[in-house]
Amino acid sequence: MICPFCNENEATIHFTEVINGKMEETHMCEECAVKKGIETSIPFSFGDILSAITKGIENLSQLENENFLENPSCSACGLTLKDFIKQGRLGCPKCYDTFNVALKDIIKNVQKSPNHTGKFPKIFPRDEDSKRRIAELEEKLSQAVKNEHYEDCAVYRDEIKRLKQAVESN
Amino acid sequence: MFEKMISHKPPWLVTPPTTKPIAISSRIRLARNMSDIPFPDRCTDKQREEVILRVRKAAKKTDLLKNAEILTLNSLSNVDKQFLVERHLVSPEFAQQTAPSAVIISNDETCSLMINEEDHIRMQILRSELNLEEAWEMINKFDSELEKSLPYAFSSKYGYLTACPTNVGTGLRASTMLHLPALVHEHKIGSVMSAVGKIGIAVRGLYGESSDSKGNMFQISNQITLGQDEKNIVNQLHQIVLRIIDHENKLRETLIVNKPYQIKNDVGRAYGTLKYAEILTSEEATNLLSSLLIGADLQVFDKVNRATVNELLIDIQPAHLQKMKGKELTAEERDIYRAKIIRNRL
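Same order as they appear, the protein sequences are chains A and B.
Under the numbering used here, the letters of the first sequence match residues 1 to 170, in that order.
Under the numbering used here, the letters of the second sequence match residues 171 to 516, in that order.
Hints were generated in silico from the structure; no laboratory data involved.
Mixed in with the good hints there might be a few duds.
Some chain A residues close to chain B (C-beta under 8 Å, calculated; not the full set) [claimed, not checked]:
#	residue
1	S75
2	C77
3	K119
Beta carbons are placed, not taken as given, at the ideal position from N, Cα and C, and that holds for glycine.
From just these sequences and the hints, can you work out the full model?
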């Protein structure tokens with residue numbers, strides 16, 4: 001079926017509206033659907049992720065005035081925020097710490113909640129790792145308190161609490 | 171290995187002759203990474219080789235893959251790679267890679283594990299019909315065996331760490347392949363797509379990311395991987411699939427009551443074309459075979475059985491044809507060979 005609006009493309013969008021109990025069906029191509037502002041995208045396309053990343057960067061740029069795209073780069077793999085925007089992928093596990101601020105917004109946009117509630121590997125958290133991580137987080141927490149970054153404080157406190165519980169249950 | 175795969179149909183396609191499943195198959199995949207090596211995109215070739223070595227060693231210790239064959243990507247021809255894509259054992263992105271990568275496939279094709287795709291590990295379990303919970307139990311056990319010998323990248327906040335934040339957390343993508351001819355015929359598929367889209371479930375055409383579908387086949391999958399545990403994700407998808415199946419069934423019943431001649435006409439014409447055509451493209455053949463499936467399901471056409479049609483849907487794909495013929499074929503040659511195979515089997 002050819003799209004009746006442009007008479008050019010194949011009509012791949014089939015749009016059903018119910019107005020006053022009367023059902024009306026409209027068929028059109030994707031281009032015309034976009035022009036008419038009809039939502040055709042599947043959730044969380046690459047575009048959504050990109051726009052989420054951009055939002056994250058705006059937030060980040062308020063914190064870091066210059067060179068925020070090149071600096072910080074990940075100390076483990078060298079990835080910069082610029083690389084991440086270009087590829088849509090992180091470089092290594094450490095990137096989740098390095099780009100914490102930008103990632104928080106991205107994850108808020110594409111996921112249900114920012115905290116993992118599923119499976120834990122049996123050997124994790126190893127007590128040693130956890131204790132080291134707790135110490136790290138406590139350091140970050142005191143920095144955040146000092147700088148009055150209260151949103152971050154809550155995040156660090158939550159993770160410290162969870163880790164301490166895990167250590168105790170081990 | 172390929173010879174065996176060609177002569178057998180994949181077990182996930184085999185269903186008892188009495189069932190008329192709208193859900194063709196179910197799949198669960200998990201994404202995992204090593205904590206001490208960068209994600210594949212930023213790995214050197216040497217690091218990628220090391221990942222292959224480690225994962226291979228770990229897989230040898232698991233029940234599912236202890237006797238499985240490992241295929242390194244550079245040892246495969248383009249047709250081999252395409253064959254694995256058509257068989258749903260590797261992703262199209264994986265098949266296009268050039269850096270060191272490998273795949274381990276269980277002998278019965280139920281389990282496959284891609285090494286160095288977007289993440290170090292992408293493992294999947296494929297089952298026939300709607301069997302998501304069973305697939306989850308199998309892959310959960312397999313993953314727990316692997317984790318004994320692999321240091322997974324994991325954080326207590328974000329869960330399993332993945333190259334793309336859209337997979338972080340559980341790293342789990344559950345999907346079901348559905349045959350939805352009545353919803354397509356009655357132009358209801360768009361509203362299904364937008365309704366489930368609002369709750370973080372995606373509907374895609376069978377092959378790839380676009381919403382276009384070949385043969386009225388759709389893949390329904392979860393998009394959210396963080397903030398919900400695995401059982402919840404799997405159960406939610408299961409419930410949604412059940413509702414879609416219910417819609418499809420109701421529409422089928424209405425169609426057969428209201429438009430019996432139109433349905434029989436569609437099925438009969440599809441059979442006629444398939445039975446006598448000399449040239450068939452993959453798209454045309456897939457769409458016509460879908461009509462035969464609905465004919466078999468609605469019992470309005472008794473000249474074909476479902477199993478034959480199901481097998482044909484797999485066998486008429488380009489790389490399958492070339493594997494059966496034993497040589498590379500041009501697009502025109504494939505269309506002629508495809509028509510011949512279909513004529514013979516019907």
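Now the hints, each set against the structure:
1. Interface restraint check for S75/A: the shortest CB-CB distance to chain B comes to about 12 Å, outside 8 Å, so the restraint is violated.
2. For C77/A, the suggested interface contact is upheld, since its CB lies about 4 Å from the closest CB of chain B, less than 8 Å.
3. For K119/A, the interface hint holds, since its Cβ comes within 8 Å of a Cβ in chain B; the closest pair sits about 6 Å apart.
Hint 1 from the earlier list is the only one contradicted by this structure; the remaining hints agree with it.
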